[in-house]
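Trainee: These are the residues of each chain, in order.
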Amino acid sequence: MNAPENKQQFRLVGTRPVRPDGVEKVTGKAIYGPDHVSPGMLQGAVLRSPHPHARIRGIDTKKAEALAGVKAVVTGQDFPQAADKLVAGAESASNLRWVAQKCMAIGKVFYEGQAVAAVAATSHAVAEAALKLIEVDYEVLPHVIAIEDALAEDAPVLHDDVFTQGLAEKPTKPSNASMRFAIERGDAKAAIAGAAASFTGRFTLQPVHQGYIEPHACVAQWNADGQAQIWCSSQGHFAIRAMTAGILQIDIASVRVHPLEIGGGFGGKTTVYLEPVAMLLSRKAGRPVRLTMKRTDIFRSTGPAPGAVIDITLGAAADGTLVGAEIELKYHGGAFPGANEVYSGVGGAVGHYRVPNASIVGWNVLSNIPTMHAYRAPGAPQINFAVESAMDELAARLGIDPIDLRLKNIVHPGEPSASGVPLGAIGYAEALEAAKAHPHWSSPVAPGQGRGVACGAWGNYGGPSTASVKLGEDGSVLVTEGSPDIGGSRASMAIMAAETLGVAYEKVRVTIADTSSIGFSMVTGGSRTTFATGKAVIQATEGVIEQLKDRAARTWGVDVAAVTWEDGTAVHGDQRLTLAQIAAKTGTTGGPISAEAVVDPHDFLPGFGVHICDTEVDRETGHVLVKRYTVVQDVGRAIHADYVEGQMQGGAVQGIGWALNEAYVYDRSGKLDNAGFLDYRMPVASDMPMIDTVMVEVPNPAHPYGVKGVGEVPIVPPLAAVGNAVSRATGIRMHDLPISPDRVYGLLRAAE
Amino acid sequence: MRLIVMPPFDREFFGGKDTLEIEAPTLLALVDRLGDLSPGFAEQAEARAAFAVDGVFAPDWTRALAGAEEVVLLQRVAGG
Amino acid sequence: MSSPAYHAPETIEQAVALLAGDAGARPLAGGTDLIVQMRSGRNAPSAIVDLKRIAGLSGIRALPGGGFAIGAATPCTALKDDAALAAAWPGVVEAANLIGSVQVRNRATMAGNLCNASPAADSVPALVAAGATCLVAGPNGQREVPVEAIPAGPGKTSLAPGEVLVEIRLPAQLGADAYLRSIPRSEMDIAVVGAGVSLVLGAGGVCTAARVAIGAVAPTVVLVEAAGAALIGGKLDDAALEAAADAVRAACRPIDDKRGTAEYRTAMAGVLVKRTAKIALERAHKNQGRSQA
Amino acid sequence: MSKLLVSTTVNGDPQQFLCDPDTSLLDALREEMDLTGSKEGCGSGDCGACTVVLDGKMVCSCLVLAPEAEGRQVSTIEGVAEGNQLHPIQRQFLEHGALQCGFCTPGFIVASKALLDHNPDPSETEVRYWLAGNLCRCTGYDKIVRAVMDAAAELRQDRRTAA
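Protein chains in written order, with our numbering: chain A, 1 to 752; chain B, 753 to 832; chain C, 833 to 1125; chain D, 1126 to 1288.
A few of these clues could be false.
To be verified - Which residues of chain A face chain D? A few of them, derived with a C-beta cut under 7 Å, are: (1) T27; (2) D35; (3) V136; (4) Q649; (5) L747.
Just so you know, these hints were derived from the structure itself, not from any lab.
Beta carbons are placed, not taken as given, at the ideal position from N, Cα and C, and that holds for glycine.
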């Protein structure tokens, strides 16, 4: 499984064929989460808390149950008592005790919009009417939203059994700071004190939402014999199965989860919110139940990404060499412990640079907002905004070109990564050189505009995947895998299988199978699918090739070792048997041909990106326009170039939205004030220029086609790229996101 | 064999110690040993821990450690 | 659970009777506000009276003397398609075509925008600046009132029970108009501030009449007479524009909310009124040149 | 309140369905006619995933009451291709990789077709403003805009060839 020494020309890898699921998706035939219908299906609806923090004294569901057409009502009392229990399944461990409460409050509500009861009825209108008949007796408790408020001495403490983890001495008092995580090396303070230039600043960000357009939705059917089926869209149906079975305390094998097409996730669909509720409703009603979230409820109750307060000091020598970093970051954790963003925030803060002296301390801070959930490179964009803004300041203070300053300090292959494990064949330097050589960087900055540059990294991932490859009797090829296709991965899998097998792309068809029809596969996330599931597909394809060679060898009566596989054909001397010829004879050569591969690779490599952004600032109104944007990234190798570029463009625009307008706005009563697309303000088409892309290909030698993973990196640099561009256009450092017109206006006036 | 304990496990389970000298035939056995040193670690390890043996990630914990010089214990990081 | 009744009357009289006979009935034009409010539970009408099947309520009529009558059920995009209207009142037409998206503007009407009585309604400052009036039908017959008389506060109108807006009337254009708004994005937002300006130029390009109206800075649209007065009698030099901006800022009574701070809204009202007045001036010059040529 | 019987035309075919008066056209299409290609992303007219053409004008079907469709012509994503013959816009979306998750795609294609039906040669800016009511969270819009521009060019070529 080694990549070729020299860059070789591939037949299919790197091309742009039409994706196998394309026609269904452009004609409206594809079935997404909210589209599935089961016979006899009931419609469910969920009652949600109007209070951000309250004890539930009691819930009276009698009137709702008496309403004609209502078939089941469930509350937190219907959930099995959940103790602490970690399940893997997704990318990081989840404690089911908390996951269960993200599905439904059990005794206490911790954020506005948390589910408190649910109804299944013969129609949606009846279910909605029944919700109005449920009486919940709340004892409203004081709430807290902002990070600094939650850390205050007199702040309401959310959980009396959550003590700060990661302290050397076990704390005696419960705290909203659920976790401290730090990396210390050398003496950062002393190094910075002796630096030729340093920058100190505080940066703040608000929570943002993943913003997928498809609402969470599922249909669950839990039969009298204890067997269940769930139809839903998710980033990983095996994770849905693990969490649902775990929360409901039933066997994994009794829950069959069917993956529907997924309408965007970005990390937000790697957990359960509805499935266990729909299951409980179905068991009570004896019929399948559909639950679909409203957009307002998606904003109010599903995982945003953390807001942050970050204090940073970076110091550099006169030649630009970084000498020290002192950083304290505080991230929103949401209502329950377990958010992971602080780990990657601390670990990745200056992981893309060599910094001999570093003190990086992170805190996960609980408050009365939904529990944070993964959003594309979770935890990285926030800290990167601070670090790359500080780098921009250092470059200006030292009079060094910002790209040169990065080149001076970047990590190189063989040097230790943040985790201490040496870096492999990374392409960071190559990406920076490509950015420097790009016409965007060398073009003059237009009058009234500012140009910013920022770098960012993400570790990427491997993890378990299963794939099987089966040969049709006519020589066509069926690939079956367990990784939901969220952005064209069926096409990548078909390309890799066809490339390996030496057949036409169109001869390969790809199916994403349910949890009972293919082996375990981790979620589609962490930029792991093309890498890890791709490896499984390639390995299974190689298994098929071995069998094909064996059939040919036995047909010819020669040793299999003497048979080679070339361009879809078994070859021995001048004897040849094509794949189709062998397939046609399987009935008399030993039966059907198929192979399965289960992999758990950890030889993935991180990705690095460099973004260049030009902005124009209206000095009278504070409006910022992105005029030109270029994304340069080491992608390992692009399997399907369109979808690699698409990841780079989409991630960049999400990051630009985060920089300019997106933010959770809470009112004084602790309610989310902008729980809709109108006021959450994601970028629309007319806000954006074209997003230029440069795919730098430094292949991963541990993947047959050099794949590294591309999806997460592109959201890391834009916050600082935009911030740096606005700072250079205005002469004012942008410390706080979003860089909205009123904020920029205020900064401009204050500077006058 | 040297075990480098990365945050948060160093403070959370080993009193802030970031280097341990410890012998074990396999990573599984190592997890058990660490569990003896710090009750509660073994239960969390499967869901939260990752190991690198002499600079290479080792997802298979049955792998023999004979001849290994350095094992790094680190937190698994999630993606979106 | 009560679903509202749905009526699609074919005459104004039927519509008035339906609305007058049921206090919970609400007229439906484009529905882009009403249906959203019904979905969110903010509005639960007992009956919906769809105005779109009433003959004459959709479309634009030229009035004798050069004005226009715009039927209450006319979608915003239809205004753009009417070349004469778009040439005469570009500010009004552009304002109506800043609301929501193309999808929304293919349904939304200026009459609905006005009767929804949002302080941030985009078309309303432009209509007020234009000196537009409304024809209102009710149980006691019809009356014509200035546009600014309709909104009574956020979500409230001065319409009596059973009254419905029939058409919006624009006078003959003697000068030119313009409308600008401030939003964080380029589209799909509610105005943080909106400013409409309508001007008439006399001999030598001297401004002889001016109306300035601003939105989203007070509970209702504000017709700032002092701002108009500041523009009259001169050629809209910097001093006159600054005086108009001062008058506008003085007239602002905004709130802080998720869409903008009071301070920012006030400041933007001043900026926008100057920019809008310049566009109106440029158009008025062009129109004057054309009529003289 | 009893249900209303609505007679309408969807993609050229006569359709009759029963609905509550406050049912949206989107729900009627999805639930009563099994036309699930139109998607609900927000239910408030802010995302465009439910875009359909009603009597020649594109609208958000979540902001149309089903009874309003009485006697009207409705065109949905399911009617864009002619049988198995994809519309050039659909083909260009595929050839550009202008979709990732594909959930917003039906709305974008219906809206793009509405644009090109009345403006055969839009500028990039015109395309971007026309599509501002359609949210896409995956692509950053770049490949969508290119697909629409190329489809426009292809359709102009087709018209020239036909003429």
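Trainee: I'd like to know which numbered hints this structure contradicts. Please list them from smallest to largest.
Mentor: 3, 5
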